Every structure is written in structure tokens, then in C-alpha cells.
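Just so you know, the protein sequences line up as chains A and P, in that order.
So the first sequence is numbered by the numbering used here: it starts at 1 and just counts up by one.
So the second sequence is numbered by the numbering used here: it starts at 1001 and just counts up by one.
Just to be clear, a hint being listed does not mean it is correct.
[Unchecked claim] The following label-pair restraints were derived from C-beta to C-beta distances:
#: 1; chain 1: A; residue 1: GLY90; chain 2: P; residue 2: ASP1058; range: 53 to 63 angstroms
#: 2; chain 1: A; residue 1: THR146; chain 2: P; residue 2: GLY1208; range: 20 to 30 angstroms
#: 3; chain 1: A; residue 1: LEU306; chain 2: P; residue 2: SER1232; range: 49 to 59 angstroms
#: 4; chain 1: P; residue 1: THR1323; chain 2: A; residue 2: GLY97; range: 35 to 45 angstroms
[Said to hold, decoys possible] If you want a taste of the chain P side facing chain A, the calculated C-beta under 10 angstroms gives, among others:
#: 5; residue: SER1039
#: 6; residue: GLN1080
#: 7; residue: LEU1083
#: 8; residue: GLN1085
#: 9; residue: ASP1182
#: 10; residue: GLU1237
#: 11; residue: GLN1250
#: 12; residue: ARG1255
#: 13; residue: ASP1377
#: 14; residue: TYR1383
#: 15; residue: THR1391
#: 16; residue: GLN1393
#: 17; residue: SER1395
#: 18; residue: ALA1401
#: 19; residue: ALA1405
In case anyone wonders, no lab produced these hints; they're calculated from the structure.
Model, not experiment: these values are computed from the prediction.
Note that the Cβ used here is the ideal one computed from N, Cα and C, for glycine as well.
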Amino acid sequence: MSSLTHAPARAGQASPAPPRRRRKLRGDDIAKILFVLPAGIAMALLFGYPVVKNLTMSLQDYSLQTFFTGEAPWVGLANYVDVVTDPIFGQAMLNTGLFTAGSILFQFVIGLALALFFKQHFPLSATLRGLLLLPWLLPLIVSSATWRAILEQDSGILNRFLGVFGVEPIGWLVSPSIALIAVIGVNIWIGIPFNTTLLYSGLQAIPDELYEAGSLDGATHWKAFRYITWPSLRPVVSVVLILGVVYTLKVLDIILGLTGGGPANATQTLATQSYQRSFVDFEFGHGAALSNILIVISMAFAVVYLRRGRHAADE
Amino acid sequence: MKRYMVMAAGGMSAALVLAACSGGGDGADADTGEVSSLSVLDYYNNDPDNSLIQAGLDSCAEELGITLERETVPGGDLIQTVLQQASSQTLPDVLMLDNPEVQLIAETGALLPLDEHGVSTEGFAQGVIDASTYDGHVYGLQPVANTLALFYNTDILAEAGVEPPTTWDELREAAATLTEGDQYGISFSAINTYEGTWQFLPPMWTNGGDETDLTSPEVAEALQLWVDLVESGSASESVINWSQGDAKDQFMAGRAAMMVNGPWNIPAMNEIPDVNWDVVQFPVNDASQTPVAPFGGEAWTVPVTGDEASQAVAVDFVECLNTPEQQLDWAVSRYTIPTRTDLTEDFLAERPEMAAFAEQVANARSRTAQLGPEWPDAATVIYEAIQLALTGQTSADEAFAQASAR
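Go ahead and model the full structure; you've got the sequences and the hints to work with.
In C-alpha cells:
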């Protein structure tokens, strides 16, 4: 916002000698446009084109044939009607909601707890904090393959471990009622470092003086968190939550690696359905329609984020 | 100016006529003089297949006096690569396709009808030709084929005094007897991909089931076999998340006494010599039936690139890959079955352990013979029904009705 408030001020200074200034300003304008142009072109090519292409594709019968003949008949909203009336759509929506809400809730709570914990600065805390980043650094294909082995019903290490305590083998990835929980669990594990890191840096930014002053007024422990930490952390929290939601909505590789959307579609989400339609069934129009629905949902959260960002800057 | 254009047009049409002659005539004696190299795309990107295929391709390139520019991509990326190349007009001169996908691509008009270019399909197993035929024309030739059969661990069966099963009842019984402790009676793949569908075809087809009517009692009965094996605990509940590679790993680790699988595993299995195994055909539901399994393997096709001279050489190249000598070489080195039926005897003389597969191939069916390019829709219904039934969401009787409601 600061750049906007500066701009009129400069224009005001420029007013005393209008004729010469105006020509110079025009030169400035061209320079400004030239500076923006590369970014503009990059945006149009890398961002605008795919979005527009995806929109047009979702209104076409875009099949295998299209790649060879270039013909993709317009079908209006038929693709959207098809995907929304598909019996799996309802379940995919519900799963997407549960997957996102479950992942974000636990990632955030555990991430915040760990951030607070590491703020204590105990011996080796920096090393441990570094190790905590590991899940984030692993390629997702590796993580999902490893977790698939861990969660394997018969020989997986988790069931072997639980077996020591007499727990019957659990079908983590093969029981329709449990598979979604297992997939969410793995996604939580992957998301914790992101939450911890951002929240930890948010905590670092809170001045120690606040806590010192607070402790004089009797605000320690829970009260210090409630009245000092939480309010100071609010802007970071909203960023973490909204980015988390947008990232989680479109998670694909982890689910494909663990269950492929199964068993019996128990872990299908909008993202896996979109992938399935496009790259397995080769119904690119349907796939595009699903991914546009996903984009609209993500955008709703992105708008909330942008509006919050504006409020924060206004304050 | 105008005169030059007329001349250019005349020259061009003359060239087209010439090219049409060389392309449309007998492919075998096309002039290779002007074509010095062919581009090839396939998905044999892992050894040992990669180098074995390379050797076969090289020997044909040498015979035709050309060089090859070969590109390999992972199996899952092949169709996407083909689509990209199609839209940018950069399709290779010779394209390998998994046999159930030949008709899908042929339907788009991207492939050259080989029969119109003098390629003979005489002596090939009918199922192989069916798979590569679309709308009355043959679009691909497949040198070797694989299929599914029942592997069993000879030591475990001998110790338990169990004979390899020949009927479904014997299969249920044997699997139950062989299940103890950490060891399951049988492993197979019932995953929610076309792989799960492919593995279900031996029981479905053997029992007289048909992809044109998936709600028939024969198909339900076949699904009931899978359900029985899992519900009785003779097969792991994890089969619904196992690929065929996982099924093989379980078998080789001694965690399954039998498995449904194909001969492409044999080179890897030979690397673990302390597991002794043998193969029998897939069991039948009642004694009057013949085991019917699906044809697997890849066909070589010639995309329409517009360069008629190269296309003619590519046709020759595909023919060369399918000569009896080449077929036998590929079959022996890769543990697959030659698709020229009169080679079976020579082949078994060199690879006697492949007897069950050779017999199984003789009655094998192509997945796309009946539905053609519509096969993937049926294949999706099949694996979804398997998933519904094996997870206990519905009974085997109702699973196909529910899955096809989609």
C-alpha cells in the first residue's frame, strides 16, 4: 500500500512546471511499462495461457482424437454436467473437504506446538529443528512409497509394532473406512515442517520485551500465549492456514502413491478424479472441468487471503 | 513467376505419384536408398528388456542398411508422449504400442494400415491379429506375446502334499491348505487400475464371461472366486492395492505359495535361485472348460508421418521384426511366446519351462477383440467392481451392476 500513498505525493511535487514535466513523465511511463512488460509476458504465457486453455478445454469434447485431428467440438457446459452428476463426484467433494480440513487442523496444531517447543532454545534444538524439515525435503514419490511399505497390512512395520501390543492387523490402505484417515495422516506428517517453520519464524518476530512486560503484569504460560503470542502471531497464522488450504486441496502425488484413489474410490478427491479423467480415461474435457471446479474453490480461499493481507497492511 | 509456380506444382505432384507408388506397392521391395535412418519410440526403458530389444532392433536396422534413433519412455508416459508428438507432428517412424491401445490410436487415423502396404499376417495367432485390427485393417504386428498363468512354489506344495490345482474348487482348497502363519496360499493383483482388470480376465473368460455383458452370472461367479480367496484369508486383503510386481515380490519372499502372473517376471525370478517354482495353466471352474487368458505384449506400428519413403522403410522394418528368426530370438531371450504359431515347437525345445504359457497362449484372447476402442470403459467397470466386492461394499452378484451404473 505504501507505494500508492507515495505516488500522489510525487505527482503533487511535479505540478509547478507542467509542460516540461509532462513530457518527462511520459518517458517515465514508457520506462515503467518496459519494466513491467517482461513480467507481463511471462504471466500471460505461463499463467494466462494454461488457465484460458483449461477453460476452453472444459467446454469442448477434447479427446484422444483431438491431438491428431485438432478438432474439438464445443459442447457448452455438458462436461460440467457430466462430472457433477457422476456418482463419485459427491464422494470426491466430501473426501476433498475431509482431507483438507483434517490435514490443516492437525498440521497447524502440531506445527504450532512444535514451534512453541523449539522457541525454548534447549541444547540441540537447532539440530532437531533441522531434522524436522526432512519430510519436507523428501520427494513426495519417495515419501509415499515409504509410507505405503510402513502401512502395508501384513508386513508393514506399523502393524507389526501394534501387534506387539496384541492389536489385530489394521488395513490402513485397504479398508475403505480407514484408508482416508491413513492418507490424511501421511499428509499431516508431510505438512508439519511447513507449519512449524513459518510459525517459528513468526514467534521469533515477537519482541521479548512484550513477554517481560507481560510477566510483570502476571501474564505467564497460558496467559502469555493467549494475550501476547496469539495476537502477535495472527497475521502469520492466517498466511499459514490459507496457503495450507490451497496446497492441500490440490494434493495428488501422495494419494496416487498410497492408494491410487482406492480402495473402492474411498480416497478419491477432486484432484485425483481430474487426473484420472485426463490421463487415464483420456477425457480431457472432463478433466479440465473438474480442475476448474478445484481452481474456483482454491480461488475463494486466495481471495480471503488477499483481502486479509490488505486489512493487515491498512492497519 | 506464374510459370515457376506451375513448374513447382508439377514437380511436386510427380514426386507425390512416385512416393505413392513406392508406398502403395509391395512394401517389401521399397527403395531404401534415400532413407538412411528411422526414429523409433518404445517403452522398454529398463534392462534387461531395454538391451534385448535394442539387439533385435539393431539386427533389423543392419539388414535394411539404416540407422535408428531410438527413444524410450516409461510405460505410463507412452500415450502422453504419443499425444504430444501427434499434436506437434513429430510422431516417430516406428511406434511400439501396448496391444490394447493399438485400436485406440488407430481410431484417430494416426497409424498406417499395414495390410494395405503388403504386410502379410498369415501364420500369426488369431488373437494377436484381432488386437491390432481396427475397422477391417491391420495396424500393428506383434512379434511375441505373453499371458497369465498360475505359478506355484514346488517346495511348499510338495511339503504340504498339495498338487497344483486344475479346477477352482481345487484352487480354493489348495490355497486354504497352503495358508499358514505368515504365508498366504495365493497372491494376485486386484488393484484399481487396468492391471487389476487384466488379472481378473483368466477367471472371467475361462468361466464363459464376456465384456459385452458384465452383469452375467458367469462374470459374477468369477468375481466370487476372488472374493472367496480373500474372505477365507487364503489371499491377503492387500491384493486390492497390489500391483503384479507386488504379487511377485510376495511370492518370491515365500509369503505366498502360488501366484497369478506372467512370464515377464521370469528373468528377475531366475536371479533368486533358491525359490523353486513351476507354472500351470489357470484352473477352470468346471472340467468341461478350457482355460482362457488375455494376450499381452506390444505391437509395432507405423505412424502416418506424411513422409512416404520413410513410411515404406518403416513397414519393412516392422516386417523384419516379425520374421520367424527374429520372433524366436526375442521369445527365447525375453521368455515370451512367438506369435507365429508354427514356431511353438522350436521355442519349447529351447525353453521347456514355458510349456504352460505356450499352451495358455494358444487359447488366449485379445482384450480389444470385441469392444475395440471402447475396451477401456469396460476395463474401468471391471476393476471398480472388483474393488467394491473385495472391500465388502457389495456382493459379487451386485458389484458389476453397481460399478457400471457410473
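To see whether the hints hold, each was checked on the structure:
Between GLY90 of chain A and ASP1058 of chain P the C-beta distance comes to about 54 angstroms, which sits within the given range of 53 to 63 angstroms. About 43 angstroms separates the C-beta atoms of THR146 of chain A and GLY1208 of chain P, a value inconsistent with the hinted range of 20 to 30 angstroms. Look at LEU306 of chain A against SER1232 of chain P: about 58 angstroms separates their beta carbons, and that is inside 49 to 59 angstroms. As the Cβ distance of THR1323 of chain P to GLY97 of chain A is approximately 59 angstroms, the hint placing it in 35 to 45 angstroms is violated.
At a threshold of 10 angstroms, the smallest CB-CB gap from SER1039 of chain P to chain A is about 18 angstroms, leaving the interface hint violated. A distance limit of 10 angstroms between C-beta atoms decides the matter here; for GLN1080 of chain P the minimum to chain A is near 7 angstroms, and the interface restraint holds. The beta carbon of LEU1083 of chain P comes within 4 angstroms of a beta carbon in chain A, closer than 10 angstroms, and the hint placing it at the interface holds. Residue-level restraint check for GLN1085 of chain P holds (minimum Cβ-Cβ distance to chain A is 9 angstroms; threshold 10 angstroms).
Taking 10 angstroms as the C-beta contact cut-off toward chain A, the hint placing ASP1182 of chain P at the interface holds, the least distance being around 7 angstroms. Annotation: interface hint on GLU1237 of chain P holds; nearest CB of chain A at approximately 5 angstroms, less than 10 angstroms. The interface hint given for GLN1250 of chain P is met, as the beta carbon of that residue sits about 9 angstroms from the closest beta carbon of chain A, less than 10 angstroms. Because the smallest distance between the Cβ of ARG1255 of chain P and any Cβ of chain A comes to about 7 angstroms, under 10 angstroms, the interface hint for this residue holds.
For ASP1377 of chain P, the shortest C-beta to C-beta distance to chain A is roughly 8 angstroms, which falls under 10 angstroms, so the interface hint holds. The interface hint given for TYR1383 of chain P holds, since its Cβ lies 9 angstroms from the closest Cβ of chain A, which is under the 10 angstroms cut-off. Because the closest C-beta pair between THR1391 of chain P and chain A is about 5 angstroms apart, less than 10 angstroms, the hint holds. Checking GLN1393 of chain P against chain A: minimum C-beta separation of about 5 angstroms stays under 10 angstroms; hint holds.
Evaluation of the SER1395 of chain P hint against chain A yields a violated restraint, the C-beta minimum of about 13 angstroms exceeding 10 angstroms. Violation of the interface hint for ALA1401 of chain P is found here, the shortest Cβ-Cβ separation to chain A being roughly 13 angstroms, above the 10 angstroms cut-off. Interface restraint check: ALA1405 of chain P against chain A, minimum CB-CB distance 7 angstroms, threshold 10 angstroms, status holds.
In summary, the structure is inconsistent with hints 2, 4, 5, 17, 18 from the numbered list given earlier, while agreeing with the others.
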